[in-house]
Amino acid sequence: MIVTQDLCKIFRTEEIETSALNNVNIHIKKGEFVAIMGPSGCGKSTLLNIIGLLDNPSNGNYIFNEINVSEKSEKQRTKFRKGNIGFIFQSFNLIDELTVFENVELPLVYMGLPASQRKAKVKETLERMNIAHRAKHYPQQLSGGQQQRVAIARAVVTEPKLILADEPTGNLDSRNGSEVMELLKELNQAGTTVIMVTHSVRDAEYADRVIHLFDGQIVSENLKDRESIQKAVESLS
Amino acid sequence: MKSNGIYTFIQTHISPQALNKYNMFLYKLKLAIRSLAKDKLNSFINIFGLAVGMAAVILISVFIQYELSYDKFNSKFDRTYRLISQLGMETADDYSINRRLNHEKFKENIPGLEEITQLQRGWQCEIIKENKRFYNFTVRFADDNFHKVFDLDYIHGNPNTALVDITNIVLSEKTAKTIFGRTDVVGEQLIVEGQDCTISGVAKNTPGNSQFDFDVLAPLEIMYPIDSKSGLEFFTYAVVKEGVDTEITLKNILSEYRKIIDGFQESGYKTGAYFQKLGEVHLHSKKLHSITPSGNIEMVLMYTFLAALILIIAMINFINIMTVQYEGKIKEIGMRKAIGATRWELIKLFVGKSILLTSIALILGVVLAEIFLPHFKNLVHRDLAMDYANNIWLSIGLPVLAVLVGIISGTYPAIFISKPTPSAALQGGLSKTNGRNALTKFLVVFQFTVSLALISTLYILNKQINYMRMADLGFNPEKVIAIGNINSKLSKSYYAIKDELLKSPVIQHVSASDHMPGGAASGESFSVLGQDEDKVKPFSSYRVQPDYFKTVGIELTQGKSFKETGNFNQKGIIINEAGVKFLNVDNVIGLNVEYHGEVQEIIGVVKDFNYSSLRSKIKPLMFSHNSFEMVNTIIIRYYGDNLKQVLAETDRIFQKFDPGYAISYTLIDDFCKSKYKKEEESSELLSYASLISLILAILGLYALSLFMVQKRTKEIGIRKVNGASEWQITSLLFSTFSKWLGIAFVIAVPISYFIMNNWLQQFAYHIEIGPLPFIIAGIVTGLFALITVGRQTWKAANQNPIESLRYE
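If you're matching them up, the sequences are chains A and B in order.
Numbering-wise, the first sequence is residues 1 to 237 according to the UniProt record's numbering.
Numbering-wise, the second sequence is residues 1 to 808 according to the UniProt record's numbering.
Worth double-checking, as some hints may not be accurate.
Computed beta-carbon distance windows for the label pairs [said to hold, decoys possible]:
{"no.": "1", "chain 1": "A", "residue 1": "F11", "chain 2": "B", "residue 2": "N23", "range": "41 to 47 Å"}
{"no.": "2", "chain 1": "A", "residue 1": "K79", "chain 2": "B", "residue 2": "F372", "range": "50 to 56 Å"}
{"no.": "3", "chain 1": "A", "residue 1": "E102", "chain 2": "B", "residue 2": "P374", "range": "26 to 32 Å"}
{"no.": "4", "chain 1": "B", "residue 1": "K739", "chain 2": "A", "residue 2": "F11", "range": "35 to 41 Å"}
{"no.": "5", "chain 1": "B", "residue 1": "K739", "chain 2": "A", "residue 2": "G191", "range": "41 to 47 Å"}
{"no.": "6", "chain 1": "A", "residue 1": "G191", "chain 2": "B", "residue 2": "Q728", "range": "29 to 35 Å"}
Calculated from the structure, these hints are not laboratory results.
Heads up, the beta-carbon is just placed ideally off N, CA and C, and yes, glycines get one too.
Model the full assembly from the supplied sequences, consistent with the hints where possible.
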């Protein structure tokens, strides 16, 4: 489903050039649950953004669903993204002025679905996320865990093939954190591909596979058990 | 080296505490300037907006001061009153001109009266000095005690005797310099309007804010002997003695004057009289005659209102932009608080910066005001000057205002911004303040409302002016010139001049009149024989020569015109259609009337034409050939487009009859259009005000859109991640502004409609307002808003969503 070839990303300011990704080659199959780990600044989020079609690579190819999307325009990327990719952020990124219901409805609005269909879909998703009773509330009125469940609801309401999560448990306590991880696991088991950036070894355990990045390069792949993950983390930091 | 010296001086002569304070001040000033320089665009918008507002306020306040200062240079200002006569058939109308009175007799009979004096408006005259001719001097006629009421500053001559001898004249300083090149000319001889005169005095020019002016002052006695019977001709001013009961004195003067004006009652007129304070003459004499252009209190109020409006808008912008700027720096403020700045210190910092900005704006405002002063002077027709040293408002008022604006506009954002706790501020989150949102909305709606109202008002105003200028007046004023400076020599040769003129291939028709075609008419009357004869019928009157209707292009609908007989004063009266209606008789042609003590016949009827202005309905008008053996204005209709050639021909022919003469002409078309000058001036003023307020509103909108985009950066990012396109984002952001624009529209339309509908009522002939002005105002404002907001929103919408979300 996802193939990258010699993916590079360079950030330029007036004076310095920083290489965030350096010849990254990954291959993620449909239905996989992959965690990306690494110290701060190693390029995890950059990689996730490119995979999520939020950003273009400076160099190399990115093949998404057998289509090379590395040089698509912003407009085309938006088109690809719509309904295919769901995002979950550490800071939830809900819109304060919209209710829970409206937040979840948002991607469906932009897909151009009629109101009746939207209503049914949002209702169903909110029930699945166990947050339906909060539909008329505003994000500020919810706890962190509830907010993240709303964010996940928003990510899955379009039934995307791919879910990208950027440290989804980063702002949550451990109980709420594991609830969120369970939800992601469920979604994965139902057939959705999940790629998650995380610092947490415990969260990484939910994944089928862990990719380790260091200074923009992949240093190890295919780690599954807790011990080897821990070892890899220690060797890097 | 020098600065080192100053530094040493400061160190040795100023106490350490003072020095410390001074250094602290310099430090703060440096920081403030640095922060302004960092945010150049916003600082520029802020300073520029306020400076424009200040410049407008400076100019307008100087104008208002000037308007309120009229006649105050007179030392007896507080005790001087102007006499108003009332006269009319059905209702007595007010006139600022009165019948001739004997000032000596008045003084004898009324103990509280210090002085009463009369002034006649006079005319443009020709002055000859040893065969050299000078034109266009205004000669006015005054009683010999005129200087005891108004302060005339004599440079040469004795004010007490200057106007006693009827062959004497007094020149203004300017006139003396124009004719002689010097002012010590007492005793010199001049020929004024064919009369030999001796100069008995030279007085300083009257100040611009005086209700009268003159080039030549001549004794009133020569034209109108003191006990002569007269119509309403003379401006009359009375000074009440100090320490007497003003009310009783004025009452006594009025009852004395009633004896004179009540003479009109014999002819069936209603009469009356009252006094007006000298201080009210300039601004409260709307429909009354005046010598120098009179002002109008409504105009002054309108200017004040516009100045206040502009200042308020500029201040609103200032507050908004300051807040936006600080919101971008909320983290820095949190940092300051964390380091230990108290809220009070932060408020001082903001207010200080704000005062610095308003001070810069004030300086820039003064510069702008100076730049635009000459243009503004032309616009309002006043000789304004900015005398900073002697004008308390300019030297103290404005700086105080600047500081005040600084404090007001600095305090609000300061209090608002310094409110969050340090940690909240550091996280970049502002506390949810719905109050602020409501205020922001109110401010934007207010600005939109002002812009919409001003633009639609301006549109209606211009449409009416255009309508009046283009209106079919019922006669043809194109290709007609009027020559007004006809002296007695030329007047006597009128028929010969006419014959000569008609020989020229470029001249079509020639006639003459005592009145300017399309200009003011005289008031006359006649009574219809056999139809309540004792009741006179008041008519407006034009005294004309044969060929008048052909020359001016007025259509004769019944009867005949005056015949060409080669002599003055043939009998017969021609009236207009409104006059026919007024007389209400079946067959008007052949009707006998008594006019000037003679029986005359109505010989013709002309189609109604607009002889005064479109402000009033066409009133009954009569034409007679009763020209008192002289012509006032010669009227020429010419062929083709070569006005230059026509003028050269005319000049040549006139010179044959009076060598050395030079014609002074008026194009009738221009003359008719110039009647709406006041409206055109208001329109010009209003366009400037609209332009300024629109610029300010746009600057404000720019700042607000910046603010809004900044505040919604995250939301934009989220929406984009969830599949929103650039267009969807842009329209989302713009829809907020459209909503505000819509609300403003709903508020502005009735306001503008109400004001302009009221204004239009003063014109007997006026346009209908209709929806167009409001649609246009909406489109213009909307378009400007779109351009301003659109740029910001489009930029935000095109940002990579990751950029937007990175701020988290």
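Problem set entry | Whether the CB-CB distance between K739(B) and G191(A) falls inside 41 to 47 Å | Given a distance of about 44 Å, which is inside 41 to 47 Å, the answer is holds.
Exercise. That 26 to 32 Å hint for E102(A) and P374(B) (C-beta), does it hold up?
Worked result: 59 Å, violated
For this session: For K79(A) and F372(B), compare the CB-CB distance with the range 50 to 56 Å and indicate the outcome.
Result: About 54 Å separates the Cβ atoms of K79(A) and F372(B), which means 50 to 56 Å holds.
Problem set entry | Distance restraint hint 35 to 41 Å, applied to the beta-carbon atoms of K739(B) and F11(A) | Once the Cβ atoms are compared, 39 Å apart, the range 35 to 41 Å for F11(A) and K739(B) holds.
Problem set entry | 29 to 35 Å as the expected CB spacing between Q728(B) and G191(A), which holds or is violated | 30 Å, holds
For this session: Check the following: the C-beta atoms of F11(A) and N23(B) are separated by a distance inside 41 to 47 Å.
Result: 43 Å, holds
Checked against the numbered hints above, the structure breaks only hint 3 and satisfies the rest.
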